[in-house]
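Here is what each chain is made of, one letter per residue.
Protein chains: 2
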Amino acid sequence: MPQDNTILLAHGGGGELSGELIRREILTRFKSRELARLADAAVLDFPGGRLALTTDGYVVRPLFFRGGDIGRLCVSGTVNDLLVSGAKPLYLSLGIIVRDGFPLADFRRILDSIAATAAEAGVEVVTGDTKTVDHAAADGIFLTTAGVGVVPAASHLDYAAARDGDAVLVSGTMGDHGVAIMAEREQLGFSSPVESDVAPLNDVVAALLAAAPGARCLKDPTRGGLAAALNEIARACGRTMVIEEAHVPVREAVAGACDLLGLDVLAVANEGKIVAVVPAAEAEATLAALRGTPRGREAAIIGRVQDGPARVIGVSALGGQRIIEMPYGEELPRIC
Amino acid sequence: MPQDNTILLAHGGGGELSGELIRREILTRFKSRELARLADAAVLDFPGGRLALTTDGYVVRPLFFRGGDIGRLCVSGTVNDLLVSGAKPLYLSLGIIVRDGFPLADFRRILDSIAATAAEAGVEVVTGDTKTVDHAAADGIFLTTAGVGVVPAASHLDYAAARDGDAVLVSGTMGDHGVAIMAEREQLGFSSPVESDVAPLNDVVAALLAAAPGARCLKDPTRGGLAAALNEIARACGRTMVIEEAHVPVREAVAGACDLLGLDVLAVANEGKIVAVVPAAEAEATLAALRGTPRGREAAIIGRVQDGPARVIGVSALGGQRIIEMPYGEELPRIC
Numbered sequence: 000m001p002q003d004n005t006i007l008l009a010h011g012g013g014g015e016l017s018g019e020l021i022r023r024e025i026l027t028r029f030k031s032r033e034l035a036r037l038a039d040a041a042v043l044d045f046p047g048g049r050l051a052l053t054t055d056g057y058v059v060r061p062l063f064f065r066g067g068d069i070g071r072l073c074v075s076g077t078v079n080d081l082l083v084s085g086a087k088p089l090y091l092s093l094g095i096i097v098r099d100g101f102p103l104a105d106f107r108r109i110l111d112s113i114a115a116t117a118a119e120a121g122v123e124v125v126t127g128d129t130k131t132v133d134h135a136a137a138d139g140i141f142l143t144t145a146g147v148g149v150v151p152a153a154s155h156l157d158y159a160a161a162r163d164g165d166a167v168l169v170s171g172t173m174g175d176h177g178v179a180i181m182a183e184r185e186q187l188g189f190s191s192p193v194e195s196d197v198a199p200l201n202d203v204v205a206a207l208l209a210a211a212p213g214a215r216c217l218k219d220p221t222r223g224g225l226a227a228a229l230n231e232i233a234r235a236c237g238r239t240m241v242i243e244e245a246h247v248p249v250r251e252a253v254a255g256a257c258d259l260l261g262l263d264v265l266a267v268a269n270e271g272k273i274v275a276v277v278p279a280a281e282a283e284a285t286l287a288a289l290r291g292t293p294r295g296r297e298a299a300i301i302g303r304v305q306d307g308p309a310r311v312i313g314v315s316a317l318g319g320q321r322i323i324e325m326p327y328g329e330e331l332p333r334i335c
Numbered sequence: 000m001p002q003d004n005t006i007l008l009a010h011g012g013g014g015e016l017s018g019e020l021i022r023r024e025i026l027t028r029f030k031s032r033e034l035a036r037l038a039d040a041a042v043l044d045f046p047g048g049r050l051a052l053t054t055d056g057y058v059v060r061p062l063f064f065r066g067g068d069i070g071r072l073c074v075s076g077t078v079n080d081l082l083v084s085g086a087k088p089l090y091l092s093l094g095i096i097v098r099d100g101f102p103l104a105d106f107r108r109i110l111d112s113i114a115a116t117a118a119e120a121g122v123e124v125v126t127g128d129t130k131t132v133d134h135a136a137a138d139g140i141f142l143t144t145a146g147v148g149v150v151p152a153a154s155h156l157d158y159a160a161a162r163d164g165d166a167v168l169v170s171g172t173m174g175d176h177g178v179a180i181m182a183e184r185e186q187l188g189f190s191s192p193v194e195s196d197v198a199p200l201n202d203v204v205a206a207l208l209a210a211a212p213g214a215r216c217l218k219d220p221t222r223g224g225l226a227a228a229l230n231e232i233a234r235a236c237g238r239t240m241v242i243e244e245a246h247v248p249v250r251e252a253v254a255g256a257c258d259l260l261g262l263d264v265l266a267v268a269n270e271g272k273i274v275a276v277v278p279a280a281e282a283e284a285t286l287a288a289l290r291g292t293p294r295g296r297e298a299a300i301i302g303r304v305q306d307g308p309a310r311v312i313g314v315s316a317l318g319g320q321r322i323i324e325m326p327y328g329e330e331l332p333r334i335c
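Residue numbers (numbering that gives the first Met the number 0), protein chains in the order written: chain A, 0 to 335; chain B, 0 to 335.
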C-alpha cells in the first residue's frame, strides 16, 4: 500500500505531519471552535464558569525509565496541559488498555506511580476503565488520561495573545525527557546519567502566574520539543519568535547525547518544563519567581516576540541566524 | 509465569474478575469516594453545580460490523454512561492510538462515524490526541473517549437507591451487540442477520426520566450484559432482583446464536439499551414512554426488587428459579 494511504509513525510525532493529519482529517470533520484552537486543553462554557478538558494517550517504551515511568508521565502530562491553559486541575479519568499476560507486578508499580503523582499534583482519579487485549494485539500497556479543571474568570491565556516585544522564557533545561528515554533504549553509557524531568508543574505555574499577571500564554514543550511549541505559538499569534540559542539551558550530558545521535535538542521532548510568553516589563520578575521554585531553578529568558512573519528564528552566540523549523515527523517514536 | 501473576484477558470482561482487579488493585490505591461508587460516570462538585465525568477504551474487533463501527461505539458508550448517570452530555475528548501502516481510508471512515454519532447525540468533540505505534506494538486502532456532562440539581440517580417493590425495565432486546460482533468473527450464516444496537440513547433516557420522576437508577448493560448490570445494582442496594426470564425481550436470531455458541444471552453485551429501576407506581407510564421512542419500542418490564440478599434470581416461564450470577470473566474478548 503506498505510504500516503496509510498512517505513519511520524503522524504521531507532534510535528508538521501530526499537524497536517489533524488539520486535514480531524478539523475538517469536527466543527468545534475549541478543537480548532489546538490548545493544550479546551476551555469550555459550563454552568457557573469555565471548565478545561484535555486528554492524552501514553505509549512510551520502556515503561520504566530513569526519573519516571508511564504512570508518572500520564498524570504529569494531563495536569500540565490543564495548568498551561490557566486551569486549576481537579479531576482525572484513567483509561487502561493492557495485554493479556502483562506482569501484575508492573501493573501495580504503574498504579502506585499514578496514585503518588496524582497526590503530588492535588488531583483526584475519579473514574476509569480497563480493557484487555490478547498479547498479539498490543505489546504492553497503553494509558489514556483525561483531565478536568476549573478556569478562573480572570484567566485569559491564549497563544494568539503574544505581542511584539514580549519576552519568551523556559522554566528549565531542555531535552531531558527525550534523551533519558533514548538512553534507556540505546543503552548509552553516560558518565552522568540523564533523568527524565517528568513532573506535575503546579508550583512552577503558580509562581509564574503570580509574578506575571499579564502573561500571554504558557505551553509545555512535549512531543516536538521547544521547536514545536514555539512554532505553534508563532503561527497562532502571527509573529516572529527570536530565540538566543546560547540562552536556552541544556545539560551537558543532554547536549552530548544529542550531538552523538544527530538530534536537535530543541526538537527533543520535555515532560516537566514550560515555555512562557510574558510582557517585557514582567520578564525579570517572572524569571526570579520561576527560579524560586525547586523545579524552576534553571529557568531562563531565551528570547522575544517581534513583528514579522509567523516563524521562529534562532540566533547563535556569534550572531548567526537560522530558522528553527517545526519538526517534520517523529524523531523519537513512543517518547511519551 | 503463573497465571495469578499476570493480567488475563478475563480481567477486561466486565465480570467478577474485572471487579476483583478493580477492588484489589485500583480502589486500594486511589482514595476517591466517587471512584469507589464504580458508577458509569463520576458525579463531581464543580463551581456552579455538578459535573459528570466518564471514560472508556474501545478495542473492538472487527472495527466495522453490522450496525456500527468502533467510532459509533466510542461516542455512544461515553454518551450513554453520562445519560444513565442523570447528566446532560456536553463535551467529548478523543484519544487515538493507531499503528503505523493503518489504512487512511479506514481512519477516515472511523472519524466520519465519530462525527456523525456526536452530532446525533448533541455532543461536541472539543479536544483530542493521536499517538502512533509501530505495527508490532498494536494490531489496529484503539480509541479512548472521555465525556463531560452537567448534572441537574434535581437528579439523584444511584444504584443504591433501589427499594423493595420497585420495577425493573429494559429499553429493548438483549444481546444484539455481542451476537453481531460474534457473527462477524465466526462468519455465522444467519438467515436474518443480527445488527448491533449501538446508539446514543438521549431520546430513550429523556422519555424515561420524564415518565418516571422517581426513577432510582439507570444502567447501560454493556460488557457482562444484563447479568452484570443487575448484579451490580443488587450489590449496591443490598436487595434481591427477581427477573421473569420470559419477559426479557430477545430476538429470535440472537437466542438461536446464543444456543449455538453456548452463551447465556443475559451475559452478552448491549450498546444501545438501558436497564432501569423505577417505583412500581411509575412502571406502566415508564414502559409506555419508552415504547413511544424509536429505540424503545420493544421495552419491557422484566422484574422487581424485593427484600432479600444481594443477588439476582431468574424465574422461568414454568416458575423454576436460578441464580443469575455475575459473569466471571470474558465470554467474548474485544466486544467493545
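Hints are computed from structural coordinates only; laboratory data are not their basis.
It cannot be assumed that every hint is accurate.
The list makes no distinction among identical chains, and a pair is therefore deemed to hold if it is satisfied within one copy or across any two copies.
Unchecked claim - SDA-like, lysine to any residue: derived pairs with alpha carbons at most 20 angstroms apart:
{"id": "1", "residue 1": "Lys87", "residue 2": "Ala245"}
{"id": "2", "residue 1": "Lys87", "residue 2": "Ala152"}
{"id": "3", "residue 1": "Lys30", "residue 2": "Ala135"}
{"id": "4", "residue 1": "Lys30", "residue 2": "Ala235"}
{"id": "5", "residue 1": "Lys87", "residue 2": "Gly48"}
{"id": "6", "residue 1": "Lys30", "residue 2": "Glu123"}
{"id": "7", "residue 1": "Lys87", "residue 2": "Gly47"}
{"id": "8", "residue 1": "Lys87", "residue 2": "Gln305"}
{"id": "9", "residue 1": "Lys30", "residue 2": "Asp263"}
{"id": "10", "residue 1": "Lys30", "residue 2": "Ile312"}
{"id": "11", "residue 1": "Lys87", "residue 2": "Gly213"}
{"id": "12", "residue 1": "Lys87", "residue 2": "Asp44"}
{"id": "13", "residue 1": "Lys87", "residue 2": "Asp105"}
{"id": "14", "residue 1": "Lys87", "residue 2": "Arg49"}
{"id": "15", "residue 1": "Lys87", "residue 2": "Leu62"}
{"id": "16", "residue 1": "Lys87", "residue 2": "Leu43"}
{"id": "17", "residue 1": "Lys87", "residue 2": "Ala316"}
{"id": "18", "residue 1": "Lys87", "residue 2": "Pro46"}
{"id": "19", "residue 1": "Lys30", "residue 2": "Ala114"}
{"id": "20", "residue 1": "Lys30", "residue 2": "Arg107"}
{"id": "21", "residue 1": "Lys30", "residue 2": "Glu324"}
{"id": "22", "residue 1": "Lys30", "residue 2": "Arg333"}
{"id": "23", "residue 1": "Lys87", "residue 2": "Leu259"}
Verification of the hints:
Within a single copy, Lys87 and Ala245 get their C-alpha atoms no closer than 34 angstroms, and across copies no closer than 52 angstroms, so neither meets the 20 angstroms cut-off. Taking identical chains as interchangeable, the C-alpha atoms of Lys87 and Ala152 lie at most 20 angstroms apart only when both belong to the same chain, with a minimum of 12 angstroms there against 23 angstroms between chains. Taking identical chains as interchangeable, the C-alpha atoms of Lys30 and Ala135 are never at most 20 angstroms apart, the minima being 36 angstroms within one chain and 34 angstroms between chains. Taking the closest pair of Cα atoms, Lys30 and Ala235 come within 20 angstroms of each other only inside a single copy of the chain (19 angstroms); across copies the shortest separation is 40 angstroms, beyond that limit.
In this homomeric assembly, Lys87 and Gly48 come within 20 angstroms of each other (Cα to Cα) both inside a single copy, at 13 angstroms, and across copies, at 17 angstroms. For the identical chains of this complex, Lys30 and Glu123 are inter-copy neighbours only, at 8 angstroms across copies versus 31 angstroms inside a copy, given an alpha-carbon limit of 20 angstroms. In this assembly of identical chains, Lys87 and Gly47 lie within 20 angstroms of each other by CA distance both inside one copy and across copies; the values are 15 angstroms within and 15 angstroms between. For the homomeric pair Lys87 and Gln305, neither the shortest alpha-carbon distance inside one copy (31 angstroms) nor that between copies (45 angstroms) is at most 20 angstroms.
In the homo-oligomer, the alpha carbons of Lys30 and Asp263 never lie at most 20 angstroms apart, since the shortest distance is 35 angstroms inside one protomer and 42 angstroms across protomers. Within a single copy, Lys30 and Ile312 get their C-alpha atoms no closer than 33 angstroms, and across copies no closer than 48 angstroms, so neither meets the 20 angstroms cut-off. Only within a single protomer do Lys87 and Gly213 lie at most 20 angstroms apart by alpha-carbon distance; the minimum there is 18 angstroms, versus 36 angstroms between protomers. For a Cα distance limit of 20 angstroms, the shortest separation of Lys87 from Asp44 qualifies both inside one copy, at 15 angstroms, and across copies, at 14 angstroms.
Neither within a single protomer nor between protomers do Lys87 and Asp105 lie at most 20 angstroms apart by alpha-carbon distance, with minima of 31 angstroms and 38 angstroms respectively. In the homo-oligomer, the alpha carbons of Lys87 and Arg49 lie at most 20 angstroms apart both inside one protomer (11 angstroms) and across protomers (17 angstroms), since each shortest distance falls under that limit. Within a single copy, Lys87 and Leu62 get their C-alpha atoms no closer than 28 angstroms, and across copies no closer than 37 angstroms, so neither meets the 20 angstroms cut-off. Taking the shortest alpha-carbon separations for Lys87 and Leu43, both the intra-copy value of 14 angstroms and the inter-copy value of 15 angstroms come in at or below 20 angstroms.
In this assembly of identical chains, Lys87 and Ala316 lie within 20 angstroms of each other by CA distance neither inside one copy nor across copies; the values are 39 angstroms within and 57 angstroms between. Both within a single protomer and between protomers do Lys87 and Pro46 lie at most 20 angstroms apart by alpha-carbon distance, with minima of 17 angstroms and 12 angstroms respectively. In this assembly of identical chains, Lys30 and Ala114 lie within 20 angstroms of each other by CA distance solely across copies; the values are 9 angstroms between and 36 angstroms within a copy. Proximity of Lys30 to Arg107 under the C-alpha cut-off of 20 angstroms is restricted to the inter-copy arrangement: shortest distance 15 angstroms between copies versus 40 angstroms within a copy.
In this assembly of identical chains, Lys30 and Glu324 lie within 20 angstroms of each other by CA distance neither inside one copy nor across copies; the values are 28 angstroms within and 45 angstroms between. Taking the shortest Cα distances, Lys30 and Arg333 never come within 20 angstroms of each other, neither inside one copy (29 angstroms) nor across copies (30 angstroms). Within a single copy, Lys87 and Leu259 get their C-alpha atoms no closer than 40 angstroms, and across copies no closer than 54 angstroms, so neither meets the 20 angstroms cut-off.
When held up to the earlier numbered hints, the structure conflicts with 1, 3, 8, 9, 10, 13, 15, 17, 21, 22, 23 and fits the remainder.
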